[in-house]
Structures are given as structure tokens and as C-alpha cells.
Amino acid sequence: MIPHFTILPILLPLLSAVVLMFFWSKPRNQRVLSVIGHGLTLMASYYLAQKTFTGEIFSVQAGNWSAPFGITFVADALSGMLVLLASLAAFAVSIFSAASIGNGRASFGYFPILQFLLMGLNGSFLAGDIFNLYVWFEVIIISSFVLITLGGEKAQLEGAVKYVTLNLLASVIFLTGIAVLYGIMGSLNLADLAVKISASPDKGLINTAAILFLVGFGIKSAIFPMYFWLPASYHTPPAAVSAIFGGLLTKVGVYALIRVFSLLFIEDPFIRDVFIVLAVLSMITGAVGAIGQQNIRKVFSYLIISHIGFMIAGLGMYSTLALMGAVFYLFHDILVKTNVFLISGVIFKMRGSFRLENLGGLYNKFPLISIVFAIVMFSLVGTPPLSGFWPKLYLLQSSFTEGELWIFGAILLASFLTLIAIVKVWLAAFWKKPVENKIAMERIVWHQLIPIEKFLILLPILILTTATLYIGFYAENISDICKLIAEQIQDKSGYIEAVMPQIETNINPENIP
Amino acid sequence: MVNNFILFPYLLLGIALYAMALAVPSFKTNSKRSAFSPVVPLLVFVFFISQLGVPSSRFSFWQAETLPFNFSFHLDGLSLLFALLISGIGTLIFFYATAYMKNAAHTQRLLGFLLLFMGAMLGVVLADDLITLFLFWELTSITSFFLIGFKNEDEASRKSALQAITITGLGGLIMLGGFIILGEIAGTYSIQEMVGKKDEIQSHAWFIPTLILILCGAFTKSAQFPFHFWLPGAMKAPTPVSAYLHSATMVKAGVYLLARFSPILGDHPVWNYTLITVGGITMIYAAFQALFRTDMKSILAYTTVSALGIMVFLLGLQSADAVAAVSLFILVHALYKAAFFMLAGTVDHETGTRDISQLKGLGKIMGPLFGVGILAAWSNGGIPPSIGFVGKDLIYESTLHHHFSPYLLTGLSVATNVMLLAAGLLVGWMPFRGKLSHPNAHKPALALWLPAAILAVLGMIFGLAPGLVDNILVQPIYQSISNSTPEFHLKLWHGFNPVLYLSLLTMALGFGLYTFIRPGGKTLNFIERSEIFGPRKIMHGLANGFLFLSEKYTQFMQNGKLRRYLLVILSFCGGILGFVVLTETTFVIDYKSLTEITIYEGVTVAILFIAIFLTLFSGSRLAAVASMGVIGYCLCIIFVFYSAPDLAMTQFTIDTLTVILFVLVLYRLPRFIRLTFSARHIIDGIVALSIGALMTIISLEVLYRTPSREISDFYAANAYILAKGKNVVNVILVDFRGADTMVEIVVLSIAAIGVYSLLKLRLRKNEKME
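Top to bottom, those sequences are chains G and C. All residue numbers for the first sequence refer to this note's numbering, where the first residue is 1 and numbers rise by one. All residue numbers for the second sequence refer to this note's numbering, where the first residue is 1 and numbers rise by one.
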């Protein structure tokens with residue numbers, strides 16, 4: 001039986017988007033339908049993820065053209081987990097948006113585009129074909145571009161220009177990489193390419209293609225020295241948008257690096273060294289950038305860069321432990337980064353500013369909410385036993401045993417600077433006496449909200465915090481899955497087998513249905 | 001006796017739940033619930049009293065298979081002493097705190113955090129697994145952060161909290177690094193299992209780095225020089241917090257750690273000399289600093305640092321006498337120092353000041369408190385028959401008989417003790433003597449002096465009957481620290497010997513020094529001015545320097561100019577790509593296999609070049625756009641030459657459309673402004689040309705490969721047979737790779753929505769920045 005449920009996490013957002021467009025100028029209906037759509041996608045993703053956690057790898061051949069001739073969708077445990085987390089984050093953001101996005105944006109396609117973005121994310125996680133992956137990247141980049149510009153405020157447009165220019169550059173380089181690869185291998189299917197590349201003696205051109213992918217995906221994941229678009233743009237759109245961006249966009253780049261490099265290029269020691277050097281520089285650059293920022297969203301933006309370095313370090317070391325650390329960190333980071341950007345949105349509603357010098361007084365005025373926020377922020381820091389701590393243990397252990405002392409040191413330093421950056425936010429936004437800033441005061445909307453709106457704005461934060469706490473306190477459940485994922489990544493045969501069961505047989509047109 | 005130590009994790013859970021119940025729901029009002037808070041530590045205390053005399057035991061509550069984490073605990077003499085101090089002093093502190101904070105805001109919050117801290121601290125001293133230990137260690141740092149910054153609207157409190165978490169957070173992470181390496185080289189994360197592998201660990205190449213990393217953690221937590229300054233800063237916390245965290249418990253976590261690792265990492269010259277040096281400097285430096293302060297808590301903070309220095313010093317000496325001395329001194333110090341702190345708090349509570357230069361004659365109205373002061377100063381001064389005397393005897397015993405320069409060590413200890421004695425008198429004696437300065441103050445409530453009195457009296461009782469603590473407490477601790485059976489017994493009277501003479505000398509000098517001290521403005525100024533060269537200034541300077549550099553670096557990288565970003569990314573891409581192409585590929589062009597260039601091709605390429613040149617260097621936007629159109633058309637013609645007319649048609653349409661759209665948009669834009677210098681243009685040009693050249697090389701290389709034609713052959717063969725379409729390209733687009741096409745249609749739709757919204761949507765004012 002063909003496991004068609006594999007592509008439900010792509011189809012359901014598409015369907016929701018189409019339905020939402022029928023309610024173009026009815027924002028009220030869109031708010032409800034959007035949450036329902038994301039809820040359904042979440043359920044489908046959960047179903048898929050549960051199935052993949054058994055270790056089975058599912059594949060669907062689009063149009064029933066068997067691999068490598070058609071387009072393949074593949075779900076292993078890594079894809080399953082990421083689809084689940086992306087859908088969860090999107091669901092949370094969808095609730096937050098329903099309560100916080102104004103009618104202006106809502107009646108100009110905000111909700112359908114949010115669905116399209118999730119479709120693009122889930123598509124990327126499930127794509128088993130490198131060109132198809134490119135197409136999903138297109139969906140992501142164009143949806144995110146629309147979301148970042150929607151509203152057309154001056155700051156938004158300024159950020160968007162940098163965002164879109166550098167991301168288009170990434171796409172061009174990525175596409176060039178595909179062209180080179182297709183030129184030497186004659187195939188686009190990842191599993192097929194994995195087989196062909198391991199048999200090919202043409203290491204020089206293969207590495208050339210690898211570098212093109214590294215730069216293409218590297219820009220998308222905001223690795224040093226390709227991260228510039230991120231601090232330039234993430235603080236400009238509405239909080240809901242920056243939340244989904246902060247949680248997921250760079251992570252797709254990391255996913256693509258893990259998937260494509262583990263299948264095709266990682267055996268080359270030069271490539272791994274490049275990853276390790278870039279990882280160290282990203283960790284430090286991001287963390288150092290974060291401690292000097294005044295805008296809380298910029299603090300979190302720089303921390304994204306730093307923490308992407310953790311994942312890349314794991315990929316570069318490529319031992320089982322290191323990969324476990326990388327994917328564990330990836331999972332933790334999706335939830336926490338989405339959450340901190342949502343939190344900064346709430347802070348803006350409460351205090352009318354994102355800038356530390358205008359904030360203050362949250363702890364005494366909203367003690368309970370503050371404690372929830374504190375839990376999220378300390379998860380981000382990686383205070384044990386919260387979620388960010390466990391993957392760091394793996395990464396520290398593996399970097400010591402692999403002899404990568406620069407990574408060992410960089411992880412410790414970046415963790416320390418993250419702590420300082422977060423403590424500074426805490427002191428200025430939560431503990432300090434409230435600052436009376438006229439412009440900021442006028443923007444405060446929290447007291448005008450009715451209780452149900454407040455509830456809907458806080459609910460997604462609670463959902464994500466619960467998930468983060470689960471990862472922290474039930475870390476073993478996650479680490480079991482991470483172990484499975486690391487083993488699946490290192491042993492490609494399962495993936496190839498799932499995509500092309502007929503790999504040994506010579507393909508005869510008559511055999512094809 | 002039944003070993004019920006395995007109930008400990010549940011005890012922890014209970015503490016955490018009660019602490020949260022206390023701190024969370026009624027954040028604003030003070031309710032009756034806080035009145036029960038001393039009961040929790042009391043129960044814990046009773047629990048650990050029941051463990052006295054029980055042989056040491058270890059158990060694992062929960063072990064993860066895929067995580068390097070074993071939630072396991074170990075109870076022996078050392079842990080038990082700390083557990084008893086934490087819970088016993090905790091009980092008294094909670095009694096005291098409920099009275100002290102009676103009319104203050106957020107009392108429950110304070111008590112909740114204090115309880116959480118207590119649970120974390122118990123975890124630190126009872127954990128057997130390194131990661132478990134680190135977990136609780138970090139929790140103590142975090143709860144301490146919240147307690148130091150308790151008066152969160154006060155800027156000084158926030159600064160102290162930041163300072164404390166910076167120092168302890170940094171130390172903690174460095175220590176984590178040490179733990180990971182230690183765990184990896186030992187092959188286990190269990191401390192007890194490591195004790196047996198001492199030689200294996202010490203002979204490992206990574207031993208010394210590991211040792212240094214772990215020592216950093218211990219020194220920062222226990223406020224050793226030059227990291228000590230966070231502790232006097234932490235005195236911004238309410239006094240019950242200072243009494244509990246910053247004298248009796250948390251600051252001793254570092255000492256605990258050193259004692260715990262002494263049988264694993266000790267007996268190594270690096271260990272001994274580092275501890276002796278750091279501890280020695282700390283004890284004398286801090287004791288000296290204490291003499292010049294006028295704030296009671298500040299004096300106590302520096303004497304605490306000094307006492308911690310003594311403990312580290314003794315752990316560094318590591319002789320049998322020294323271990324015996326430290327085993328006892330931990331207890332001695334906790335008893336008198338917590339009493340002192342509560343005394344200072346009560347004085348502050350009743351008079352509104354802690355400045356000893358303004359407090360006089362309080363003994364007349366606060367009799368019981370004066371009693372506490374005398375007893376605490378007594379024990380602190382090491383005057384017989386207090387337990388402090390027994391402790392000081394052991395210290396001198398160990399320095400006198402140490403193989404490494406006994407004169408120097410003894411001299412240091414005597415000098416430190418002299419100053420500590422005088423400092424103790426400043427707090428416990430001076431404010432109570434003379435003419436009454438605060439006639440309106442009245443006798444403190446029972447709960448404000450009784451807890452302190454209990455501790456102070458205990459110091460005397462233990463001194464008169466050292467047997468009470470000898471067998472059940474001190475000897476088991478000795479065993480934990482030195483991993484050998486003790487051969488000593490605590491005694492008050494050893495007869496006339498050098499140690500006794502030293503004690504007498506200390507007392508004489510101490511009392512003499514006290515009569516010379518005139519606390520007040522001048523001396524305070526002196527010491528504050530000398531701080532310019534102090535470690536606090538240096539550390540702050542370093543931190544500010546780091547912040548400055550990191551800001552410069554960030555601004556340099558993120559300078560806001562898109563052009564620069566593109567340049568950096570492309571240079572990086574070009575550089576690394578060039579490296580791979582030059583080193584890893586064999587670059588050959590087989591000219592024979594190339595077709596000859598026809599005149600049509602030559603002309604087209606020439607036009608192409610001219611158009612590129614015009615696009616780049618034209619001063620007018622319209623001309624640039626037009627020449628871009630020309631570039632596109634030239635490409636179309638090249639497609640035609642190479643028999644791809646369908647591609648040419650598509651390209652032709654798109655280029656025409658692009659030019660028209662561009663012209664429409666650009667028509668309304670302001671005049672072109674040149675922002676950059678020509679030198680930068682040259683750099684841009686070089687980067688662009690290099691990337692272009694690289695791409696050409698790569699494309700040529702790729703052209704020489706003969707890839708598998710399996711897939712294209714399949715498409716050609718089956719487009720009509722299986723997919724029922726005659727045009728292969730169409731069949732690929734709509735059938736073989738139909739999914740791509742569908743998604744690209746989605747992309748176009750999204751773009752259309754985006755353009756529409758960008759043109760049409762005008763936000764209302766209240767919708768901006770949502």
C-alpha cells in the first residue's frame with residue numbers, strides 16, 4: 001500500500017490556503033478557518049511523525065513514476081519530527097495571528113500566505129528530490145517575502161530588500177549547484193544521487209557542487225559569513241511573522257544541509273573542516289552580536305545565528321553523538337525561537353516598544369506571565385534540566401572525543417554569552433522600573449484587549465512552553481528519537497532502499513505501471 | 001536502621017512543589033501560607049538527622065540510556081554535614097525570615113525562592129552523577145540570581161545580581177567543560193566510581209586542564225580571589241538571604257566540590273599549590289578588607305570570603321591535620337557566621353541602619369542580641385571554650401606540621417585569624433557598647449533573635465563537649481575527604497604546646513588590633529580608593545573592553561549596506577570555490593572537440609559585451625534597463641543558434657515583459673545617485689569577474705562529463721507510450737515532474753498576492769507595528 005499520509009502535511013496547508021482565499025475580505029472567518037487548517041495539518045503531521053519514529057521510512061512517488069524518474073517524497077524520522085514541529089509552531093503562530101493581526105493585513109492575504117509558508121516548509125522536509133527541494137525553497141522565499149512586506153511599513157521594506165536580495169542570491173547559487181550536479185550525474189533524485197556519487201571518481205566537481213550547496217544553504221541558515229540578511233530583517237515584521245521566521249526559516253537551511261550533505265558530500269574531510277570552522281565562527285559572532293543589542297528582537301536574531309552554529313558543528317563532526325546533538329538542538333531551537341519572538345510580541349503589546357531602554361516593570365505587573373517567559377528564556381540559555389541543555393551535552397562530549405577543541409570552547413563561550421544576553425533582557429525588560437516614554441505609551445494595547453484576546457495571545461506561548469518543558473524533562477524520549485535519526489543519517493542504505501526498492505534491477509519500461 | 005535515603009528525590013519534589021505553591025499563585029499578597037515555610041526545612045532536617053551514623057550509601061533514581069545522565073545520589077559524612085547545615089540553618093532562617101519580612105512586599109515570593117534554593121543546594125551536596133551535580137549547581141546560581149535581585153526595582157540590586165550570575169555562570173560553564181572531560185577520561189560520570197580510578201585519571205594527558213577547569217568552577221562559586229567581589233555585592237539581597245546563601249550554604253558549594261574531589265584530583269602538586277596560593281591570598285586579602293568596612297553586612301561578607309579562603313587553603317594543604325581542620329571548620333563557620341548575619345539583619349530591622357560608626361550602646365535595649373554577638377564573636381575569635389577554639393587549634397596544628405614552609409603558612413594563618421577576630425568584635429561587640437545612639441529602637445521580637453541565639457549557643461556547647469560532633473559528624477567527613485580512616489579525636493584541651501601559644505598570641509594581637517580600629521569615613525575612603533587597582537575594577541574593565549570590542553566587531557560586520565553584504569558573501573563563495581576548483585579538479589580544454597565560432601555568433605557575443613558594459617556604466621537608469629533587455633535578446637539568439645527555439649521564445653517574452661515593467665517602475669524614481677567611490681567599483685569588478693571566470697571554468701568542466709542518460713532516455717522513450725504526450729518537454733512539465741510545476745504555479749499565485757497587497761494595502765495607524 002502506498003503511504004499517502006506522507007504528503008498530507010503538504011496537501012492540507014495547500015487546501016486550507018485555497019479555502020481561505022474564498023474568504024478574501026472576510027477576516028473574521030479567515031481567523032477561525034486558519035486555526036482549523038493548521039490544527040488539521042498538525043494532526044496529520046503527528047500521525048506521520050509517530051509512524052516514522054518506529055524506524056520505518058516512507059516514500060511516495062508523485063504521479064506514480066517510480067524513482068528516479070518522477071518526484072519522490074520521503075519521510076524518515078528526521079523529516080517526521082521536523083514536519084511535526086513545524087506544524088506545531090505554525091499552529092501556535094496561527095492562534096497568535098488570529099488574535100493579533102489586524103484586519104488590514106488579514107484582508108490582504110495574510111492567512112493564506114501563512115498556510116503556503118507551512119506548505120513550503122513541510123514540502124522541503126519531505127522532498128526526496130533536489131530540484132523539488134529547490135521548488136519548495138521558492139515557495140518559502142516568496143511567501144516569506146510577502147509576509148515580511150505585508151503592510152508596507154518603511155522598516156519592513158528596508159529589511160525586506162536585504163532579505164530578498166540575499167535569499168535570491170542563495171537560490172541562484174543553489175540552482176547552479178543543482179545544474180552542476182545534474183551535469184555530471186544526470187539525476188535529481190537524492191537517493192539515486194547518493195548511489196551514483198559514492199561510485200563516482202569525479203571528486204573535484206562533486207566537491208565544487210558541494211560548495212555551491214554549502215553557500216546556497218548557508219545563506220538560508222544564516223551561517224557565518226552569510227548571515228547579514230537575518231539581523232537586518234527579522235525585527236521588522238509583525239511579531240507573529242518574526243516568530244515563524246525565527247523558528248523555522250533558518251532551520252530549513254540547516255535541514256537541507258543535514259539531508260543533502262549526509263546523503264551526498266559529507267564523507268569528504270575538507271567539507272567537514274569547512275563546516276567546523278564556520279560553526280565556530282557562527283557561534284561566536286552571533287553570541288557576541290547579541291550582547292550589544294538594544295532591540296529585544298535583534299538580541300534573539302543574533303542568538304539564532306549563534307545557535308545555528310551548534311547544529312552545524314554537530315553536522316561537521318558527524319559522529320553519532322554529534323548528530324544526535326545537532327538534531328536535538330534543532331528540535332529544541334524551533335520551539336524556543338518561535339516562542340521568544342511571540343513573547344517579544346506580547347512585550348510590545350504590554351509596553352509599546354521592543355527597545356530595552358523603553359521597557360521595564362513587567363515582573364511586578366505580570367508576575368505569572370513573567371515566570372513563563374523566564375522558563376522559555378532559560379531554556380534558550382540551556383539551563384539544566386531545560387531543553388537547551390541536553391543537546392549541548394552531546395555536542396560537548398563529542399567535540400572532546402573527536403578532538404575538536406575549538407568547538408568545545410566555542411560552545412561554552414557561546415552558552416555563557418547567551419546567558420548574559422538573556423539576563424540583560426531580563427533585567428531591563430522585567431526587573432527595571434517601568435520607563436515613561438510617550439511614544440511607547442501610546443502604542444500599549446494590552447489593557448484594551450478583552451480577556452479572550454489576551455487568552456488567545458498567551459495560549460500559543462503556553463503550548464510551546466509546554467512542549468519545551470516536555471523536551472527538557474522527558475529528554476530521554478527525544479534522545480531516543482535523536483539516536484534513531486543519527487543512525488538513519490549515517491547509514492544511508494535505509495533511505496535509498498525506501499526510495500528505490502528496485503535499485504538492483506535494471507529498469508525496463510514494460511515493468512513500469 | 002532502615003536506609004530510607006532513597007526517599008530523597010521525593011523529598012526534593014515535595015520541596016519544589018511547595019516552593020512553587022508559595023511563590024507562584026499569590027504573588028501580590030501575603031497570606032498565611034508562608035507561616036508554614038519553616039516546617040519544610042525542619043522535616044528535611046529530621047530526615048537527615050535520622051541518617052546520622054548510617055553507613056554511606058548510593059542509589060540511582062533514574063538512569064537514561066541515550067543521555068549521559070544518571071539521576072543518582074550518594075550520602076556520606078561530607079554530604080550529610082552539608083545536608084544538615086542546609087536544612088538545620090534553613091529551618092532557623094525561615095523562622096527568622098517570616099518575622100523579618102513581616103511587613104515587606106512579596107514575602108512569599110522570597111520564601112518560595114529560598115525553598116527552591118534549598119532543594120537545589122541539597123541536590124548539589126548529595127548528587128553522585130556529575131551532570132546531576134551540575135544541574136543543581138546551576139539551579140543554585142539561578143535561584144541566587146533571583147534572590148540577590150529580589151528588590152528588583154533598585155538598580156544596585158540588579159547590578160549585583162548581574163555581577164553574581166556573570167561570575168558564577170561563567171565559572172559553572174567552565175566547570176561543566178571540566179566535568180565532561182573528567183567523565184570522558186574516567187569513563188564514568190559517577191564521582192564514587194572515580195575515587196577508585198584516581199591513578200588512571202591523574203596520569204591522563206588531559207588531567208591538568210581538567211583540574212584547572214573544575215577549580216575555576218569551585219573558585220568562582222566560593223568567591224575566591226580574584227573572583228571574590230560578587231559576594232560583597234550580593235549583600236544587596238535581604239538579610240535572611242545573605243545569612244543563608246552567602247554565609248552558610250551556597251558559597252560553600254565550591255568548598256564542598258573541592259572536598260568531594262579531593263580524593264580524586266588531590267595529592268597532585270598542581271592541586272596543592274593552586275589551592276594553597278589561591279586560598280592563602282583570599283583569606284588574608286579579604287580579612288584585611290573587612291577591617292575597613294562600616295556596613296555590618298559588608299564586614300561579614302569579607303570575613304566570609306576570608307573564611308572560605310581558609311577552607312580552600314586547608315584543602316590544599318591536604319595533610320591529615322588539615323583535613324581534620326577543614327572538616328570541623330565548615331561546621332564552626334556556618335554556626336557563628338549565620339548567627340552574625342541574623343544579628344546584623346535584626347539591628348538593621350530595629351534601627352534602620354547597619355553602619356557600625358553610627359550604632360552605639362544597643363546592648364542596653366537589645367540584651368539577648370548582645371548575647372548572641374558576644375557568643376558569635378567568641379567562637380569566631382577562637383577563644384576557649386568555644387568550638388571555634390578547637391577549630392583554630394587544628395588549623396595551627398596543620399600549618400605547623402606541614403612540610404611546605406611551616407613558618408610562612410603559620411604566619412599567614414595567624415595574621416588572618418587576628419584580623420578575623422578583630423572584625424568579629426566590630427560586629428558582635430562594638431555596636432552594643434557605649435552611649436545609646438538609637439533611643440527609639442526597641443527590643444526585637446523573639447523570632448528575630450532566637451534563631452541566631454540557638455546557633456551561637458550551639459557553638460559553645462560543641463566546644464565544651466566536642467564529643468557530640470566528633471564521631472558522628474567530623475570523623476565521617478574526614479573519611480569522605482581523605483578516603484582514609486581518621487586517627488584523631490576532637491579535644492578542647494591539648495596541654496601546653498606551640499599551638500596553644502599561637503592561639504594566645506592570636507587573641508592578644510586580635511584584641512589589640514580591635515582597639516586601634518576607628519571605623520568611619522576616612523578609612524572607608526582609603527579602602528575604596530585603593531579599589532581602583534582591585535580585581536573588581538579589573539574584571540569590570542575586562543568586561544567593558546569585551547563589550548566594546550564585540551560592539552565594534554558587530555557594527556563592522558553588520559554595517560547596514562547591502563552592497564557590502566553581497567561582496568562578503570560572493571567573495572567567500574568565490575574564494576572557497578576557487579580553492580576547490582584549483583586544487584581538486586583537473587582543468588583541461590580539448591580545443592579540437594569545440595566547434596568553430598561563426599560570424600553570427602561572434603557578432604552576437606560582441607553586442608552582448610557592449611550591452612553588459614552599458615548596463616554597468618550608464619549614468620541613466622533607463623539606458624541601463626534597455627541594455628539589460630539587449631543582453632536578454634542576445635541570449636535568445638544564442639539559444640536559436642543551438643536549436644532551442646522553444647527556450648528562445650520563452651526568454652524573449654520574459655525579457656520584453658521585464659523591460660516594460662522596469663521602465664514603468666523606474667520612471668517614477670528619483671535621479672540616480674552614486675554612493676560609492678570608484679576604488680570600490682574596482683573591487684566589485686574584480687570579484688564579479690573572478691566569479692564569472694570560475695563559473696565558466698566549472699561549466700566547461702561539466703560539459704566534458706558524460707552523465708548517465710538513463711533518465712532522459714526514459715523520458716524520451718516513454719513520453720508517448722506511457723504518458724500519452726508527443727512533446728517530451730511538455731510531458732516532463734505536466735506529468736513526469738508535474739509536482740514541480742504545480743508548486744511553481746503556487747509560487748506565482750503567492751507572488752501575485754504579494755504584489756497586489758504591496759500596491760493596495762494601506763495600514764491604519766493602530767495596525768502598524770502589531
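These are calculated hints, taken from the structure and not from any lab test. Do not take every clue at face value.
Within a straight-line C-alpha distance of at most 16 Å, the following computed EDC-like cross-link-like pairs (lysine to aspartate or glutamate) qualify [stated by the list, open to error]:
(1) C:K760 x G:E153
(2) C:K765 x G:E153
(3) C:K491 x C:D470
(4) G:K433 x C:D154
(5) G:K203 x C:D470
(6) G:K432 x C:E350
(7) G:K432 x C:E153
(8) G:K433 x C:E153
(9) C:K364 x C:E350
(10) G:K432 x C:E155
(11) G:K365 x C:E153
(12) G:K492 x G:E153
(13) G:K483 x G:E56
Evaluation of the provided hints:
no. : hint            : result
1   : C:K760 x G:E153 : holds, 13 Å
2   : C:K765 x G:E153 : holds, 11 Å
3   : C:K491 x C:D470 : holds, 9 Å
4   : G:K433 x C:D154 : holds, 8 Å
5   : G:K203 x C:D470 : violated, 73 Å
6   : G:K432 x C:E350 : violated, 29 Å
7   : G:K432 x C:E153 : holds, 5 Å
8   : G:K433 x C:E153 : holds, 5 Å
9   : C:K364 x C:E350 : holds, 14 Å
10  : G:K432 x C:E155 : holds, 7 Å
11  : G:K365 x C:E153 : holds, 12 Å
12  : G:K492 x G:E153 : violated, 47 Å
13  : G:K483 x G:E56  : holds, 14 Å
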